[in-house]
Each structure stands twice: as C-alpha cells, then as structure tokens.
Amino acid sequence: MEFPKESSIEETTALEYLFSRLSGLRKLKRNKASIVGLCIILVFIVLALFPNVIAPYHPFTTFRSRQSPSSEHWFGTDTLGRDVFSNVIWGVRTTFYIGTACVLIELVIGLLMGGLAGYLGGWIDDLLMRITDIILALPTLIVLILAVSMFKVRSINIIILVMGLIGWPYMARVIRSQVLSIKTTPYVEAAKAMGATTQRIIFRHILPNIILPIVILITIHFAGYVLWEASLTFLGLGDPNSFSWGVMIMAGKNVLRSCPWISTYPGLFLFIMLIALQILGDGLRDIFDIRV
Amino acid sequence: MSKLLEIRDLKTYYFTRDGVVKAVDGVSLGMEKGENLGIAGESGSGKSTLGLSILRLVRTPGRIVGGEILFKGEDILKKSYDEMRRIRGAEISIIFQDPTSSLNPVYTIGDQIGEAITLHQHKVGGGMLNWLLGRFNLSRAREVNEKVEEILRETGISDASKRRGDYPHQFSGGMRQRAMIAMALSCTPDLLIADEPTTNLDVTIEAQILELMKELQKEFDTAFILISHNLGTISELCDKIAIMYAGNLMELSDIKTLFESPKHPYTEALLEAIPRLGSRGKRLSSIPGDIPDLIDPPQGCNFHPRCKYMIDGICNRYTPPFIEVEPGIKVSCFKYIPKSELSGLGL
Numbered sequence: 006m007e008f009p010k011e012s013s014i015e016e017t018t019a020l021e022y023l024f025s026r027l028s029g030l031r032k033l034k035r036n037k038a039s040i041v042g043l044c045i046i047l048v049f050i051v052l053a054l055f056p057n058v059i060a061p062y063h064p065f066t067t068f069r070s071r072q073s074p075s076s077e078h079w080f081g082t083d084t085l086g087r088d089v090f091s092n093v094i095w096g097v098r099t100t101f102y103i104g105t106a107c108v109l110i111e112l113v114i115g116l117l118m119g120g121l122a123g124y125l126g127g128w129i130d131d132l133l134m135r136i137t138d139i140i141l142a143l144p145t146l147i148v149l150i151l152a153v154s155m156f157k158v159r160s161i162n163i164i165i166l167v168m169g170l171i172g173w174p175y176m177a178r179v180i181r182s183q184v185l186s187i188k189t190t191p192y193v194e195a196a197k198a199m200g201a202t203t204q205r206i207i208f209r210h211i212l213p214n215i216i217l218p219i220v221i222l223i224t225i226h227f228a229g230y231v232l233w234e235a236s237l238t239f240l241g242l243g244d245p246n247s248f249s250w251g252v253m254i255m256a257g258k259n260v261l262r263s264c265p266w267i268s269t270y271p272g273l274f275l276f277i278m279l280i281a282l283q284i285l286g287d288g289l290r291d292i293f294d295i296r297v
Numbered sequence: 031m032s033k034l035l036e037i038r039d040l041k042t043y044y045f046t047r048d049g050v051v052k053a054v055d056g057v058s059l060g061m062e063k064g065e066n067l068g069i070a071g072e073s074g075s076g077k078s079t080l081g082l083s084i085l086r087l088v089r090t091p092g093r094i095v096g097g098e099i100l101f102k103g104e105d106i107l108k109k110s111y112d113e114m115r116r117i118r119g120a121e122i123s124i125i126f127q128d129p130t131s132s133l134n135p136v137y138t139i140g141d142q143i144g145e146a147i148t149l150h151q152h153k154v155g156g157g158m159l160n161w162l163l164g165r166f167n168l169s170r171a172r173e174v175n176e177k178v179e180e181i182l183r184e185t186g187i188s189d190a191s192k193r194r195g196d197y198p199h200q201f202s203g204g205m206r207q208r209a210m211i212a213m214a215l216s217c218t219p220d221l222l223i224a225d226e227p228t229t230n231l232d233v234t235i236e237a238q239i240l241e242l243m244k245e246l247q248k249e250f251d252t253a254f255i256l257i258s259h260n261l262g263t264i265s266e267l268c269d270k271i272a273i274m275y276a277g278n279l280m281e282l283s284d285i286k287t288l289f290e291s292p293k294h295p296y297t298e299a300l301l302e303a304i305p306r307l308g309s310r311g312k313r314l315s316s317i318p319g320d321i322p323d324l325i326d327p328p329q330g331c332n333f334h335p336r337c338k339y340m341i342d343g344i345c346n347r348y349t350p351p352f353i354e355v356e357p358g359i360k361v362s363c364f365k366y367i368p369k370s371e372l373s374g375l376g377l
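Order-wise, the sequence lines are chains F and Y. The opening position of the first sequence corresponds to residue 6 in my numbering, with each subsequent residue numbered one higher. The opening position of the second sequence corresponds to residue 31 in my numbering, with each subsequent residue numbered one higher.
Be careful, since some hints might not be right.
[As the list claims (entries may be wrong)] Mimicking DSSO-like on lysine-lysine, the simulated pairs with C-alpha atoms at most 30 Å apart in a straight line are:
(1) Lys41/Y to Lys102/Y
(2) Lys244/Y to Lys286/Y
(3) Lys33/Y to Lys37/F
(4) Lys365/Y to Lys286/Y
(5) Lys365/Y to Lys338/Y
(6) Lys188/F to Lys177/Y
(7) Lys286/Y to Lys248/Y
(8) Lys188/F to Lys109/Y
(9) Lys192/Y to Lys109/Y
(10) Lys41/Y to Lys188/F
(11) Lys338/Y to Lys369/Y
(12) Lys244/Y to Lys33/Y
(13) Lys108/Y to Lys188/F
(14) Lys109/Y to Lys63/Y
(15) Lys63/Y to Lys286/Y
If you are wondering where the hints come from, they were derived from the structure by calculation, not from laboratory data.
Chain Y extracted, bound-state conformation (with noise of 0.2 Å):
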C-alpha cells in the first residue's frame, strides 16, 4: 500500500520584490494512514508555507515551485482547481491558528459548518440557483442540522442545538476554535492540518484543545500534522516529529528518542533553549546567531553558521543529504555521515 502522503524535494518560493524567498527548500517527508506528525521549528523556518503547500493555499507571491506531494499515490501539484478543491476539506483539511477571525462574523456557526457538509456530501455547486434551491430542501436541510450538531457535541459544545444558531461572536476563543475543528473534522477527512492551533489560547484552554484533538484523531483516524513552535504541545499530541530550520527539515524522529538523544546539532541547541523547572540560577542558553536571510542562504547546510561542529570546507560548501541514521530517524547533518563516505557521497 502506498502511503498516505509522501512529499518529495518540496520547493514552495516566495517571488517578493526584494528576491526569491525560498521558505520551503527541498523537502521530504511521508506520512501512513492514522499517523500524527509533528513540524516544529522557528518562526519564519518554512513551516506554515509547507502546511499550505500540501493544500495547494499558498498565496501569491507565492509559488510552488518543484517537488512531489502524493497523496494517496496521487500527485496533488498536478491536479485540476476543481479536483482540488474537492479534495479540500474532504480528505485534507486545516486549522488556522487565529479562530477569531477564521470564521464568518456574518454567518452563524451551524451554517458554516454546514456549509462543508452541503459542499462535500451533496455535491452541491457554488452556483446561486443551487443555493437557492438548497435553501428549500428541507430534508436535506434536517440532515445537514443533525450533521452539525452531532460534530459540535463531539467536539465538546454543551447545548449543541442551541449553540448552532449563535453568531461567532457570541463564543469565546476556545469555543471558536472547537467550532474551527468542527468544521476541519465534519467531512472526516483523512488528513488534518493544525496550523499552531493553540497559539491564542490560553493554557487551560489550550490543554482542553489538545486533549480533544487527541481524543477525535483517534476516533476518526485521521492523519495528523501539527504545526507549532511549541515542542511541548507537540509532544504532547504527536509521535513523530520534524524539525524544520530555514526551509529545510533537520531531523525527523519519533518524539522520545529526539528528547533522550537529538542527533541534529540545531536539535540539541533547540531543546537546550527550553527554559525548564528547577534550574534556576543557570543561564538560558541561546543559539548564537540569527536565522539566516531566505532570500540569499548561506552555501552548504543552512546552520552552519551558528553549527558548533561546523567541519570547515564541507559544511559551508555542500548541502547536507537527509538520510536515516537508524531506524526511523533520519538526519540531515554531515556529522552522521563517516569520513570514508564523504567522497562516496560526490564530495
């Protein structure tokens, strides 16, 4: 069986006026059915543009540029608008990280969230007549309402029936974003983008949103890709992770090996940087250095600059292979690769 979604050498650029911004560089990643993967990484690394990308949303300027994104076997960059759009939503959906102004002031919830359902399952058009005479379907119209109610109970609405009718901004933040993962969630598609879900949230609330992801992906079975640049909240849902530095992906790893044993060097600074409990009176530690400029990145790996196992002459020449270096981790650092190798590897 083929995987659920496999991206390879992904390119998405920014055509800006002051240069191409090469936000995603090259990456890839593969993903089973019912998997939870996790993309961490600095703000500006590359990986909201990677979430759009999978969805084709990237906007202008904006440009995928090369790559493969196969989902379901299918490469997605070649399909049609319309293919497309059929599949947004319905098998791929996302969750944008500001519920507040993700949701229609003028429309209530329920029929925003209904909308999906008529889109995906009535195979209804966006013409003006087919939403007129939608609007007259009573049956359906019933059917739709249940549809939404059942979604909101799941996702843990009291007084469903009620609340459907509400306008968003009669729900608090929490209650937005649990109506946003209604709506996500109300096609079941088989694979769910989160978009920093919990990043205007606060914490208890934040804490009720994951633990209510956790509980509906396992219940619908739904692939899952959380963006964040919170590895606690990653860890917390998900059991794979990737980590994302300026475009490109640095180490892929399931979540306990890569907190007992980083391999990639920016890894490590990254889980240094985490301020944690009963370490007081020790400093913070920083990576030194900024992230590079993606308009004009430096030559070879990317960290280089602020890599303290630098090797000179191959790290600021050539780009880094992402290669396993056991099973189920794969890195993309030279210092994994032996000294014999190297010239093995055209260098």
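The shape of chain F in the complex, shown without the other chains (with noise of 0.2 Å):
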C-alpha cells in the first residue's frame, strides 16, 4: 500500500516531547478543587522550607506561659510559654517527613507484598497473606509502645520505622485484590500474547491500573500516622526533639477548657493539610486515571 510522502509527524524537539509527557498537569486546572488542595499544599511545603523565615522566633525561645492569642503571639503560648505559633510553623515539617516516610515505607513493604501475592499466587499468596494476617491481628498501639521503647534512643526515625513496619498489611490487601482482578483482564492478556515480559506487564499495565485505590489509602494513611505518632509522644514515648503537630496537640489536651489555642491551632492545621492531602488525592487520581 502506497502513503502520501508528506509525513504527518511534526518534527518534535527533547523539550516538547517532555511537556506532551508532562500535559496531564493541564488536566488538573479544569478540576478547581484540587488547585487548592495543591496550593495549599505548595504553602505547606514553603513552611516546610523555610520555617526560620517564616515564624517569628525560634521554638525554643520562651515567654510567659499560656498567653492568649495577640498581636505579639498570633495563636498565644503553650504551657512552656514557648509561641505557638512559631512552633505550628516548626511542626509542618516534621509532619510531612513522619506522613511521607512512614507512607514510603508502607508503599514498598505494600508493593512487594501485596504484588507478590497477588500475581504469582499459589502458595507464595498464601504465605505472604498470612504473614499479612499476622502483622493486622496485632494490637497496633500496644506493638507501637513494645517496639519503640525496646529502643534506648527517642528518635523520630526509630518510630517512624516501627509506624511503617506495622502499617502496611492494609495497603498489601488492597494491592493483591487489585493485582488479583487486574491480571485476569483481557488486555493483560493480550500483552501476554503480544510478548510482554512479566517486569513489563506489572509495570506498565498493572500498577497504572491500581494506582486510584493506592492514592486514596494514602492520603488516609498518611493522617493515620501522624495521629499514631502523636499518640506515642502523648504516651511519653516521642521524640523529645520533634516538633510534630501531634506533640503539640497532645500537651495542650490537659489544659484544654483554660487555654484551648494550646491544642486547637496545630490541630486546625493538621485538619487543613489533611483536607487539602485529599483534595489533591482526587486531583491526582483524575491524571492517573483517564477513565474518571
């Protein structure tokens, strides 16, 4: 069969290949919700950056305690008479590396597990669910407390490891079901027949197709750690050198009724870095997932 010469093909330089790569980004702005989910987020990672610019003093630095809010302390001062303010500003980043790492952790541990299991079966399916079924019939926070204080140091590492090593039989389950019902499918099929290797049928036709229920347990499960941290440090068990939100909720928890800025202004902004996590979570899977 004989083709016009003219190719249709326009002449595509490095960069433009990349920005046609790139153009699911475009998609984001039809959808409102998540562009304030992603500012907010952006704000939140500025914070994260930069909190010595940003907060007026240092976390450290104390004043006369349980000052309510003012012009000179915009969300008054805790129990310490540290501004609590500057240490909401000081928290965010501990915040996001507790959510992120923790989440890295489970991802990874998830993946291979629940992967595993879910595309080859049969008896490694088995095993590697049971051991799954093992870890989610432990009492969390009880595990939490034995493991963290079998350590000598108070690290927010050592904690967000533990957090991480327990969380993920969750997201195993979730991803063998998805894996589960996703190789089955005709069109894996037919890239078997195709000659798709396996690496290549996991990863290109697979994990594209299960990436919504993973962003969705994410942003939960990010929350679900920083609350768990917090629990920890309530317990007496924290990093002592952390600023984490959840610290500073669970120090102002006694004096709640006499200075509720204490607990309510890190809180608030846990809620609002959560909302917007989710917000750009439905963004994020409107890219993903072209079906939507």
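With the hints in hand, could you dock these two chains into one complex?
Shown next as structure tokens:
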C-alpha cells in the first residue's frame, strides 16, 4: 500500500516531547478544588522548607506561659511559654517528614508483598497473606509501644520505621486484591499474547490500573501516621527534640478548657493539611485514571 | 519444506476440582504458510483452548499434557519462557473476542500498538530503566509512531495521526477491533489466530472487519486461523475448515466440499441446523442430545450418543482414527472405514 510522502508527524524537539508527557498537569486545571488543594500543599512545602524565615521566633524561645492569642503571639503561648504559632510552623516539616516517610515504607512493603502475592498466587500468596494477617491481628498501639520502648534512644526515625513496619498490611491487601482482578483482564492477556515480559506486564499494565485505590489509601494513612505519632508522644514515647503537631496537640490536651489555643491551632493546621491532601489525591486520581 | 504449523495429538486438560476436563483431546492439524483455516464448533468444544494452546497461553488450572506443536519445524512446547515470549506477537499473534476489554484503558491506542513494535523490533526488555530510556529516545519514538500510523491507516482508521493519541474509550467497538487487528499485525506475524473476532460486533461492522481481515491476510501473506461458532463467518474468510466436537476434530475439509457433501455425521447434522431463508414452515432441525460432559466423555467416539449412524459395538467402544478419505479431506468416523479394514486397525 502506498502512503502520501508528506508524513503528518510533526518534528518534535526533546523539550516538546517532555511537555507532552506532562500534559496531565493541564488536566488538573479543570478541577478547581484540586488546584486549591495543590496551593495549600505548596504553602505547606514552603513552610517546611523555610520555617526559620517565616516563624517569628525560634521554637525553643520561651515567654510568659499560657498567654492567649495577641498581636505579639498570634496563636498564644503554651504551658512552657513557647510561641504556638512558631511551633506550628516548625512542626510542618516534622509532620510532613513523618507522614511521607511512613507512607513510603508502607508503599514499598505493600507493593512487594501484595504485588507478589497477587501476581504469583499459589502457595506464595498463602504464605505472604498469612504473614499479613498476623501483623494485622496485632494490637497496633501496644506493639508500637513495645517496639519503640525497646530502643534506648528516643528518635523520630525509629518511630517512623516502627510505624511503617506495622502499618503496611492494609496496603498489601488492597494491592493484592487489585492485582488479582487486573491480572485476569483480557488486556493483560492480550499483552502477554503480544510477547510482553512479566516486568512489563506488572509495571506497564497492572500498576497504572491500580493507582486509584493506592492514592486514596495513601491520603488516609498519611493522616493515620501523624496521629499515631501523636499518641506515642502522649504516652511519653515521642522524640522530645521533634516539633510535630501531634506533640503539640497532646501537650495542650490537659489545659484544653483554660487555654484551648494550645491544642486547637496545631489541630486546625493538621485538619487543613489532611483536607488539602485528600482534595489533591482526588485531582491526582483524575490525572492518572483517565477512565473517570 | 516443513509445514508452518503442525499439531500432533495435542492434549490440553483443565484440572478442576470436579475432575479433569479434557478440553482438547488428541487434535492433529497441519497448516502451510499463507494458508487459512477455520475452526468451527459449538461453545465448549475446545476450539478456543486449542487457539490458546498454540500460544501456550492456557491459564491454570489448564495445562498442555501431551502432544507436539511444531511451528516452523520446532516444538513450541519445548521452548523456554523467554523464547516463547519472543514468538508471541512477533511470529504468532492472537486477536481476542472482546475488543472492549482487550485494550488497556489507561494507555492510548498508539501507545499500545507501539508497545508490540518496540518489544519485538527494538528488542527492548521489560526493565524500568530500559523503558525510561526508551521514552527519551526520540528517533525511535518517531519511527515507532510512524509505524503505528501506517498500520492504523491500513486497518482503515481514518485520521490515524490524530486517533493514535486517543484512549480506548474514545473508540467505538468496531474501531477497537480494528485497533486490535492493527496490534496483532504490527510485527507481521507468520500466523494469526483470531478467536471469534466478530462475536461482539453488529453485522455491518462484522462484514467490514471480515473484509478487512481478508484484505490484510492477502497483503501480509499471513497464515490465519479463524475460530468461530459461525459457519457463515468461516466460509466468508477461509478455504479450509476443521469441525471440532467435544475436544476432537471431526472433519477437516475445504469449504466447498464441506457444504456440498459433508462427510461426518456431526457436520451433516450441523449443516441441517443452520436456519435458511425460504425454508419457512419447515421445522428447524437440531441435534438430539447434549454436548457430552468433558470430565467423563463417552467411551469410543465422542459423538456416538447423538449419531444416527451409530454402529453398536464399534462406535461406542473404540475411538475412530482421523484418516484421509479423499485427497485433503480427513474425517474421524467409522462410517468411512470398510468393514473388512476394521480388523486391520486392530479392532
């Protein structure tokens, strides 16, 4: 068959090609709510990067304790006399760190366990899923307390590691069930018939189709880890040198009636951050999941 | 020269909880290069399993338990996973029956057709690094895109350069099947298996797709196996036809002879069961009885409980051999074996 000589394929430069690959970002524009979410997260990222520029005081600077909010101390001071506003701003970094690191650990283990179990099936599936069930059956908080108290050092990294190692079973289960349902679809079969390798089938055909539940689970669990860290801190197992919002919320709990601002403001910020993440998660879903 | 495809006594069983389902039980077939063959049979007769067996894509609990599949003289069943992978898509391709779900919803049509081309013509492995590097290999991307557009145009998709960037849900059913055909033909395979390619399409689209496949087959000189329950579809497209019943081949013949003088009692009954225009008032005949349970098939010929020529003591005791009764026509039925020769077959 003869084809017209003038090929309709435009000459693309490397840059244009790259932009065409990022065209998904343009889709985000259509979703107004997710733009708001993205902006809030961007503000939080700036706060996390430059707390020393934005916060009026260093978090350890003390003033008269239990001052109510004023023009000098926007969110008041806590029981030890520290400026709550400055603490909240310094806390952005820690909170992000905890959430992101834990979710990453969860994702890696969950993908490995769930992916292998779902894709390979058979006795491997049984073995990995029983391990998952065992972890899932453990009373989370008690195990967290035990595990963290085994370490002499109170370090935020150890807490993150322990939380990540306990939190992955849900992710593994969700991924397994998704892989199970996607691996038998005709298009995976068709890819196999076209000679695709196992790796290619997993990374190109299965993973992109299960991104939606993963993104949703991540946004939920991000919040969960921040709250777990707060509970640990409340029980006296937190890292005394970190300024996470969890620590601040717990610190103000006993004086909630007399000085509500100590807990309320970090809590409010946590709330805003989680809502923003949730909205952004929805937007990301719209980008990745073209079926919606 | 050896045949393109030679299947010898292929047995594919499904090991289910209720027992062993003998979906394909001793099928032998041969195909030359560029030939086209239709495989017809009722649902459950094992014709799809036969097609999947050729690509070794039978899913667990199914397994090929015996026989040989020689492709270009080499036994496919003895190949390693990686060798097999190289054959799939490049030398043997398959078109599945459901074009709606056979395309991955998250990639564009062009991406998916291009995948086969990159996999086989650029010998790209599946590794992530390879994949990432491939994304930035511009000359290759352009080359693949050109190839994709060419093949899309050949399968009759207008405005190929634009439609290449569309997602499957933006395509209609007929267009998706065209895209599937484009994908299957993208590496010019020597053998194309089409597993009921037009079942889910309406008749006008079906006619278009069949016409297209006929054209492309001539152009690419691809040997072609069409699996269908519709004798009309097969007669439209193929020169030879194999009739399958309960995991066995009953008759292998050329289309014309089969319709004019069917040899096997099953084929005869099957042809009588086709509704015809102008035969109003006559009762549509059907084959008495049901397709046998493949877990526990009847002894002897699988068709004997429904056969009006059944010879007691032979058909229900021995399996008929698949023998040539006329040049190019093979039948597995005792009706064509003279009484005097029955003893010669060791019966």
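Verification of the hints:
As the CA atoms of Lys41/Y and Lys102/Y are separated by approximately 20 Å, the hinted pair is consistent with the 30 Å bound. For the hint linking Lys244/Y to Lys286/Y, the alpha-carbon distance of about 18 Å falls within 30 Å, and the restraint holds. Between the alpha carbons of Lys33/Y and Lys37/F the distance comes to roughly 63 Å, so the proposed pair goes past 30 Å and is violated. For the suggested pair Lys365/Y and Lys286/Y, the alpha carbons sit about 21 Å apart, so the restraint of at most 30 Å is met.
Restraint check for Lys365/Y and Lys338/Y: satisfied, since their Cα atoms lie roughly 11 Å apart, inside the 30 Å limit. As the CA atoms of Lys188/F and Lys177/Y are separated by approximately 29 Å, the hinted pair is consistent with the 30 Å bound. Between the alpha carbons of Lys286/Y and Lys248/Y the distance comes to roughly 20 Å, so the proposed pair stays at or under 30 Å and holds. The hinted pair formed by Lys188/F and Lys109/Y meets the criterion: a straight-line CA distance of about 23 Å does not exceed 30 Å.
In summary, the hint linking Lys192/Y to Lys109/Y is not supported, as the alpha carbons are separated by about 40 Å, beyond the 30 Å threshold. The straight-line distance between the Cα atoms of Lys41/Y and Lys188/F is roughly 26 Å, inside the 30 Å bound, and the hint therefore holds. Annotation: proposed proximity of Lys338/Y to Lys369/Y holds, straight-line Cα distance about 18 Å (limit 30 Å). Distance hint between Lys244/Y and Lys33/Y is fulfilled; the C-alpha atoms sit about 22 Å from each other, no more than 30 Å.
Proposed proximity of Lys108/Y and Lys188/F is supported: the alpha carbons are some 25 Å apart, at most 30 Å. Under the criterion of a C-alpha separation no larger than 30 Å, the hint pairing Lys109/Y with Lys63/Y is consistent with the structure, at around 21 Å. At roughly 21 Å between alpha-carbon atoms, Lys63/Y and Lys286/Y fall within 30 Å of each other, so this suggested pair holds.
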